[in-house]
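Peer 1: One-letter residues, chain by chain:
Protein chains: 2
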Amino acid sequence: MEKLIGAAVIGQSGGPTSVINASALGAIEAALDSDVVTRVYGMANGIKGLLDDKLYIMDEEDRDELKLLKNTPSSALGSCRYKLKDPETDDTDYRRILEVFQKHNIRYFFYNGGNDSMDTCNKISKFMLKNGYPVRCMGIPKTIDNDLYGTDHCPGYASAAKYIATSTMEVYHDARVYDTGMITVLEIMGRNAGWLVASASIASYFGCGPDLVYLPEVDFDMEKFLADVKRIYAENGKVIVAVSEGIHDKDGKYISEYGSDLASSKDSFGHAQLGGLAATLANIVKKETGAKVRGIEFSLLQRCAAHMASATDVEESYAAGRAAALAAFEGKTDLMAGCVCERGENGYKFEIKLLPLEIVANTEKKIPLDWINEEGNGLNEKYIEYALPLIQGEAHPPFVNGVPRFAKLKKVLEK
Amino acid sequence: MEKLIGAAVIGQSGGPTSVINASALGAIEAALDSDVVTRVYGMANGIKGLLDDKLYIMDEEDRDELKLLKNTPSSALGSCRYKLKDPETDDTDYRRILEVFQKHNIRYFFYNGGNDSMDTCNKISKFMLKNGYPVRCMGIPKTIDNDLYGTDHCPGYASAAKYIATSTMEVYHDARVYDTGMITVLEIMGRNAGWLVASASIASYFGCGPDLVYLPEVDFDMEKFLADVKRIYAENGKVIVAVSEGIHDKDGKYISEYGSDLASSKDSFGHAQLGGLAATLANIVKKETGAKVRGIEFSLLQRCAAHMASATDVEESYAAGRAAALAAFEGKTDLMAGCVCERGENGYKFEIKLLPLEIVANTEKKIPLDWINEEGNGLNEKYIEYALPLIQGEAHPPFVNGVPRFAKLKKVLEK
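As given, the protein sequences belong to chains A and X, one line each in that order. Going by this note's numbering, the final residue of the first sequence carries number 415, and the count climbs one at a time with no gaps. Going by this note's numbering, the final residue of the second sequence carries number 415, and the count climbs one at a time with no gaps.
One should not assume that every hint holds.
What the hints assert, rightly or not - One side only, chain X facing chain A, incomplete, derived with CB under 8 Å:
1. Leu-66
2. Ser-167
3. Asp-174
4. Gly-181
5. Asn-236
6. Cys-304
7. Phe-399
No wet-lab data here; the hints were simulated from the structure. The C-beta atom is built at its ideal place from N, Cα and C for all residues, glycine as well.
Same shape as in the complex, but just chain A (with noise of 0.2 Å):
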């Protein structure tokens, strides 16, 4: 096959997580090394900064400093939410993104993102296909979510889930001080797929978590709920219930819009913005057990904890990114790099796996209904195989007089 030449653009888009950066640095650091990428640019603000011509040249980046993006949290080229049309109803966005590879010759587009991303990837390697200008489009998969399909499990997912099972267990140790009832409601993300909340039930496998996990897999069911706390309220005194934001009753209806009388936003993908569920249960709770209740968001913190990051997560994303680089030099295109994973008697093997785009674009991947138990507020032992491989190893920034030391890039502008 003839050589591709030509620059190479990598993108961020959609939410942060801790390991976002460590998925760019595998690709960037691939390109920088290739003998078929002439010069590599990072979008600014993902698919906006292509459609704006506002590039930054990674060449101009110090090698050192990028290293850091590797314990770096958030998106260091900066993100957006923007979604492209369907081209076949408007294909402006297309063509000013083809008048841009044009420009700068770009041969390369990586994006690095969730099923928004794959999507938006894959239109636009159709659109170029279709208009007959080579470019390799591959995806590099980040989500804390863990909800994009055909991959067994996603860049980002892991370091969250080693956060909330660790900070679990420290609100676990807190909660049980005094010799008084109490019960904690621990509020944690996932809109329509409860693996993050189910990662709290990690500290339940080691002893120290949520007595209740609720699940958005799962239509939730109030008078219920109030029943399995108040049992376990009299057995124990004590009560952890871990709910996903994402829960829901029979109806659709989420539970964090029970008690709201906010007017309900939507971001621009037409998704609720969900909230206040902790607030919201715990003052539920309190009012029919009249115990001391306590609601903890875990909030940003859980995306952005690059402190407390899987070393399995890091390593993992790292790779991933590489690979799609690496795969897009060898002249693959339209693909995401999944993985494939065993796990058993000899141990946890991870392997890079490339899916078509479009089997993973715009398709959420839940928890299986046969991890949840039978009284659908638990994890069963299917899952803890499933995750423990995945957060092990601790992996940390540098820490530098006391705190830790994040990447500063240079971020020079292409003209």
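Since the structure of chain A is already known, use the hints to place chain X on it.
Peer 2: Positioned in the frame of chain A, the structure of chain X alone reads:
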């Protein structure tokens, strides 16, 4: 001086910290190894365990398991918020304590806590002296609030400060991923003293922290606050605000009560229960600016995050517990193991200083006003100089199977 031979008892009181167990370990190990101590007890839930004659036998614990206390958060022996009455008014509790002391021949009493606990320790000491029962009573300071008088700083503060500074730096990165406007309000503990919220300014010192920091030491002026926020938002499009839970207006009204219609509840010391400030301020700021605003409460996590403790704090906390015990065994009583520190060209020097309990009890140490900037919305270099040496070094528990391995005590009860 004649040697006082008998049992030693240690109790933990008040809100837990990441390192209160390190202090307990310092005292317990010193007691277990002492030739004047016949038996070492831990009070189940502080002074309440003493009143109920519910004492754990520390001699029964495995010494290696005990060592894990150094990095186990929360109060391993259990805590309480029980306030002893003034013995002049009602000496029932004191007579009961004397009874339990006599029953087990307790001659060493160590109490690990904050202001209220030092007061408890002091009152018990005075009562026993008056009643001719020889017992050495020593206080071991503990509070993330750092508000104990007479000591340079308190065990527990630095670990909370390190967690807050680190998490704030991470949130700073997360809050900057989109090119759209964003205002973030961080709610940090600290009822009357601004030590904890001040630690967020360490993140600012390293370029990744809040633009504005509000402490309870300065009356909060809503109009001035909104003007500050609007000005920075207009300049940068991003604003991070760190507020202490205890900020109040010039009339003493807590800002957390501004938007709240909840009946204010009080704890057993008569302190008003605070909370919900981040959400209250976020709502006000959103209404005033129309910007996207996010409220984040660091919540319990800031006092129990042993996975991100300050190594300096862990060592000093252990040293304080040990020093208090050794001083008692040498004949001293009625003292708290505080510290004096030097900061300067020759680096940081820490030394234990034994202080009379009565000068510590019930006095709150606040942030010196000349450490706060003229605008009253930030800290100056005097605070940084003070705090930076305290957060040096990273301590964490051993990790087994991807999660922290905390101490599991047998807690064998004395009959």
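Peer 1: Please go over all the hints and tell whether each is borne out by the structure.
Peer 2: Going down the list of hints, with the structure as the test:
1. Leu-66: With a closest approach of 16 Å, the Leu-66 (chain X) hint is violated.
2. Ser-167: holds, 6 Å
3. Asp-174: It holds, given that the least Cβ distance between Asp-174 (chain X) and chain A is near 4 Å, below 8 Å.
4. Gly-181: violated, 13 Å
5. Asn-236: Not OK, violated: Asn-236 (chain X) not within 8 Å of chain A, min 14 Å.
6. Cys-304: Holds, because the Cβ-Cβ distance from Cys-304 (chain X) to chain A comes to roughly 4 Å (cut-off 8 Å).
7. Phe-399: Cβ of Phe-399 (chain X) sits 5 Å from chain A, so the hint holds.
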